[in-house]
Structures are given as structure tokens and as C-alpha cells.
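For the sequence shown, the positions run -18 to -1, 1 to 245 when mature numbering (1 follows the signal peptide of the UniProt record, and there is no 0) is used.
Hints in this document: simulated from the structure, not taken from any laboratory. Honestly, I wouldn't trust all of these hints.
What the hints assert, rightly or not - Pair by pair, the computed Cβ-Cβ distance ranges are: (1) V60 with S220: 37 to 43 Å; (2) N57 with F155: 26 to 32 Å; (3) W201 with A66: 38 to 44 Å; (4) Q46 with Y245: 27 to 33 Å; (5) I96 with Y212: 46 to 52 Å; (6) F56 with G181: 46 to 52 Å; (7) L243 with A75: 38 to 44 Å.
As the list claims (entries may be wrong) - DMTMM-like mimics (lysine to aspartate or glutamate), calculated; alpha carbons at most 25 Å apart, straight line: (8) K209 with D109; (9) K209 with D166; (10) K209 with D159; (11) K209 with E51; (12) K209 with E53.
Think of the CB as a built atom: it goes at the ideal place given N, C-alpha and C, for glycine as much as any other residue.
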Amino acid sequence: MRNLIAFSLASLFSFSYAATSSNSAQSTNEYAAFQQFDNEYNVGYATTSGNLTNGNTGGVNNSQFINLEVEHLFNVGVWFDVNASLLTYYSQAVDPAVSSLGSTTGSQPNFGGINASVGYAFAVVPDHLLLIPYGLVGRNTNLSSYTLNNAGTTTNLTQDYFWTFGIGGRVDFRINDVFDVYLDQNAVYNASQAPVTQGLAPNDNYLYTTTLGAKFNVWRSLQLGAKGFYQNSYYTQSLVGAGASVWVPQSTVGGLVSIGLTY
């Protein structure tokens, strides 16, 4: 009997210690509350409307695209976000960047791409406010009437893409277990790899993007998302063709809705 009592007490102590250790480990993870939103993957659909410029005149272009996203926040604070997009619709009310190519393609060079952001999350206010500085790299298409005209007739068009790299920052505010909002700002440089055989300048540019978004954990692992964004492009050189500036994207406003799962 004495041995049985001693064994029971030892077992109870071991169970209590294990439970305490487990709870302690959970409480030391300062990112647990944010991981409810940031450990997720989703599919989204977006629409945009943008301005094209040509000297002192302008035009409007519209597009739609699908987006796949995978996001993760590690226990140690490392954060990554990967996005892959594909254009599904495009239109513009003015002539293509180089009208000699007719309607083969328009002035928008980005038909799709993949971009990855990696940063570190600082828990400014525990369970409610994160600050995430990050770096960004990507590869995005650079296929427009301008690059087609610049490439000539015998060039391999698989070279028509941008290497994209830059920096950014995100402020993430977790309201409660259901609602989370964030403000994101980044600046990237798009370095054109498209062939330059016709004497025209490459369309290298700086792109600035401001995003305001929200995530909603509506039921179990189901997450809905929505965001609006504004982009502005600045070209490193004047893009000139046939004695006049060509049509190029200047600014864009858009929105995206998504549905996904947390994990």
C-alpha cells in the first residue's frame, strides 16, 4: 500500500510538472496570437485600374488577375510571404505602347510573376501589434508592345522579364481572435532583362506600393481576406519610340479578395 501511494504521488507530480512546462512553453511564444492569422495560404482574385502616360497625355488600362499566397510566422519571429500571380484580363482605351504592333499586346508588361518577402516581426504590443521590416525578391514578366518592338523579330521572348528586389515594412494590428488589419509599404526596383536590339532604352523602373488589408477568421480554419492597394512607377530613363514618348503604366489602384485556410 505504501508503495502504491508513493507511486501515485510521483505520477501526479510528473503529470503536473509536464502540464506546467507545456503551458510555460506556450506562454513564452509571443507570436502565438498573430500566428492565428499569419500562418495561412489562400487564393485571391483582383481587379485594377491604372493610368498610362505619353508625354502630357494619358490613358486608362484595366486588368484582372488571380493570386496564390502562402504566409508563415515562425515562433522565433521570422516571417515570410510568397505570392504568385497570373493575369486573366487586360484592356486599354488607347493604342498600345508601340502602335505598329497593333493589338498583339498592350502597354502593361506584367502578365504574372512570383515574389517572396522575408522579414522579422517585432511584437511592439503583445498579442495586438506587430512591426515587420522585410526584404523582397521576385521574377515578373516584362512583355508589352514596347519590349516586343525593342526585341526585334528573331529574339527569344523568354528573356522578357524583370528581376525584382526591394525593401518594405508592415504594421499588423490584431484586434481580436476574428479580425486583423495591416498596413504595408514597399519600394522595389524592377531590372529589365528584355533584349535591347532596336536602340530603345530598357524599361527599368522603381515601383512603390501601399497596401491596406484585413483578415477575418470566420469559422475554424477558414479565413477571408480583402485588401486595397496603390502603386506608382518611376522609370530610370525616358522611353522614346518613333520620336515620341511611349505609353507606359504610371499609377494603379486596385483591390483583391481572397479565401484560404489557416494552419
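A quick look at each hint next to the structure:
1. V60 with S220: 37 to 43 Å: 41 Å, holds
2. N57 with F155: 26 to 32 Å: 21 Å, violated
3. W201 with A66: 38 to 44 Å: 26 Å, violated
4. Q46 with Y245: 27 to 33 Å: 28 Å, holds
5. I96 with Y212: 46 to 52 Å: 22 Å, violated
6. F56 with G181: 46 to 52 Å: With a Cβ separation near 49 Å, F56 and G181 satisfy 46 to 52 Å, so the hint holds.
7. L243 with A75: 38 to 44 Å: 39 Å, holds
8. K209 with D109: 22 Å, holds
9. K209 with D166: 10 Å, holds
10. K209 with D159: It holds: about 19 Å lies between the C-alpha atoms, which stays within 25 Å.
11. K209 with E51: 13 Å, holds
12. K209 with E53: 15 Å, holds
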